[in-house]
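Enquirer: Place chain Y on chain R using the hints.
Residue numbers (the numbering used here), protein chains in the order written: chain R, 1 to 113; chain Y, 1001 to 1109.
Please note: incorrect hints may appear among the correct ones.
[Unchecked claim] Keeping only pairs whose Cα atoms sit at most 16 Å apart, straight-line, the calculated EDC-like set for lysine to aspartate or glutamate is: (1) Lys44(R) / Asp59(R); (2) Lys1096(Y) / Asp53(R); (3) Lys1096(Y) / Asp59(R); (4) Lys52(R) / Asp85(R); (5) Lys1096(Y) / Asp51(R); (6) Lys1104(Y) / Asp1081(Y); (7) Lys38(R) / Asp85(R); (8) Lys1096(Y) / Asp1027(Y); (9) Lys1096(Y) / Glu57(R); (10) Lys44(R) / Glu1005(Y); (11) Lys17(R) / Asp85(R); (12) Lys1108(Y) / Asp1081(Y); (13) Lys1108(Y) / Asp1010(Y); (14) Lys1104(Y) / Glu1005(Y).
[Claimed, not checked] To list a few chain R residues with every Cβ distance to chain Y over 10 Å, as calculated: (15) Gln11; (16) Gly16; (17) Pro43; (18) Phe54; (19) Pro61; (20) Arg67; (21) Asp77; (22) Gly84.
Read the hints as simulated data drawn from the structure, not as lab findings.
Glycine included, C-beta positions come from ideal geometry on N, C-alpha and C.
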Amino acid sequence: DAMVIQNPRYQVTQFGKPVTLSCSQTLNHNVMYWYQQKSSQAPKLLFHYYDKDFNNEADTPDNFQSRRPNTSFCFLDIRSPGLGDAAMYLCATSSPGTGYGYTFGSGTRLTVV
Amino acid sequence: GIQVEQSPPDLILQEGANSTLRCNFSDSVNNLQWFHQNPWGQLINLFYIPSGTKQNGRLSATTVATERYSLLYISSSQTTDSGVYFCAVERYNFNKFYFGSGTKLNVKP
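So that you can see chain R by itself, here it is in the shape it has in the complex (with noise of 0.2 Å):
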């Protein structure tokens, strides 16, 4: 089946310590998205690729990056973790106009040590 791929599903990370958690998509959607969800919170996007063009929230941390190689694959770079970056990060999916919306992955739930 198509779908939205994240891993891993868990991450440990030392504080300070870099961390990429990786996305991959099996639907050939343009554009691919990263999102923050803490606890009891509502997913906050961080930033979003629409093909190879990049859109950075205004409120995103400089500490947070992303890459997209190719139309498959998103990473998201943690340069330097601290402990209010533990959080579930959500990879999801869209094309737009075609009447699908979007698709989710299962998330990497990220804890900083």
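Expert: Same frame as chain R, now just chain Y:
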């Protein structure tokens, strides 16, 4: 940005009861989806419903785009319906999804 408000914030039901969740939004949208977030954190798409009415088993949804609201109906609730229900909207040409704060549903046996 667009404002998305969901009500009620919390809901406790006895198994078998019916419920209605509401989503109000502050601007015209070209996409509206209802999601159920399961205990493991995954967002499960329930409905893609920018307008009109759809039904899927015990769940149905109605969006009245001109009045800027959407309703999610859950009938004969089951304990497996527990979790958080999110409404999310996308404005025309913005390619961004904005989430409401969610309704936390607890269905008791």
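Enquirer: Taking the hints in turn, state whether each one holds.
Expert: Quick rundown of the hints versus the structure:
Distance hint between lysine 44(R) and aspartate 59(R) is fulfilled; the C-alpha atoms sit about 10 Å from each other, no more than 16 Å. Restraint check for lysine 1096(Y) and aspartate 53(R): satisfied, since their Cα atoms lie roughly 14 Å apart, inside the 16 Å limit. Taken as a hint, the lysine 1096(Y) and aspartate 59(R) pair is honoured in the structure, with Cα atoms around 14 Å apart against an allowance of 16 Å. A C-alpha spacing of about 26 Å is found between lysine 52(R) and aspartate 85(R), which places the hinted pair above 16 Å, so the restraint is violated.
The hinted pair formed by lysine 1096(Y) and aspartate 51(R) meets the criterion: a straight-line CA distance of about 14 Å does not exceed 16 Å. At roughly 10 Å between alpha-carbon atoms, lysine 1104(Y) and aspartate 1081(Y) fall within 16 Å of each other, so this suggested pair holds. Between the alpha carbons of lysine 38(R) and aspartate 85(R) the distance comes to roughly 9 Å, so the proposed pair stays at or under 16 Å and holds. With a C-alpha separation of about 14 Å, the suggested pair lysine 1096(Y) and aspartate 1027(Y) falls inside the 16 Å cut-off, and the hint holds.
A C-alpha spacing of about 10 Å is found between lysine 1096(Y) and glutamate 57(R), which places the hinted pair at or below 16 Å, so the restraint holds. Straight-line distance between C-alpha atoms of lysine 44(R) and glutamate 1005(Y) comes to about 15 Å, which keeps the hinted pair within the 16 Å bound. Under the criterion of a C-alpha separation no larger than 16 Å, the hint pairing lysine 17(R) with aspartate 85(R) is consistent with the structure, at around 12 Å. A C-alpha spacing of about 10 Å is found between lysine 1108(Y) and aspartate 1081(Y), which places the hinted pair at or below 16 Å, so the restraint holds.
Proposed proximity of lysine 1108(Y) and aspartate 1010(Y) is supported: the alpha carbons are some 13 Å apart, at most 16 Å. For the hint linking lysine 1104(Y) to glutamate 1005(Y), the alpha-carbon distance of about 14 Å falls within 16 Å, and the restraint holds. Every CB of chain Y is more than 10 Å from the CB of glutamine 11(R) (nearest about 13 Å), matching its label as outside the interface. Glycine 16(R), annotated as away from the interface, keeps every beta carbon of chain Y farther than 10 Å; the closest lies near 25 Å.
Annotated as non-interface, proline 43(R) brings its C-beta within 10 Å of a C-beta of chain Y; the closest such distance is 5 Å. Residue placement check: phenylalanine 54(R) keeps its beta carbon more than 10 Å from all beta carbons of chain Y (closest about 12 Å). With a minimum CB-CB distance of about 18 Å to chain Y, proline 61(R) clears the 10 Å threshold, and the non-interface call stands. Remark: the non-interface label on arginine 67(R) is consistent with the geometry, its nearest Cβ contact in chain Y lying 19 Å away (cut-off 10 Å).
Under the 10 Å C-beta cut-off, the non-interface status given to aspartate 77(R) relative to chain Y holds; the minimum distance is some 21 Å. Interface exclusion of glycine 84(R) from chain Y stands, the closest Cβ pair being 18 Å apart, more than 10 Å.
Hints 4 and 17 from the list above are not met by this structure, while the remaining hints are.
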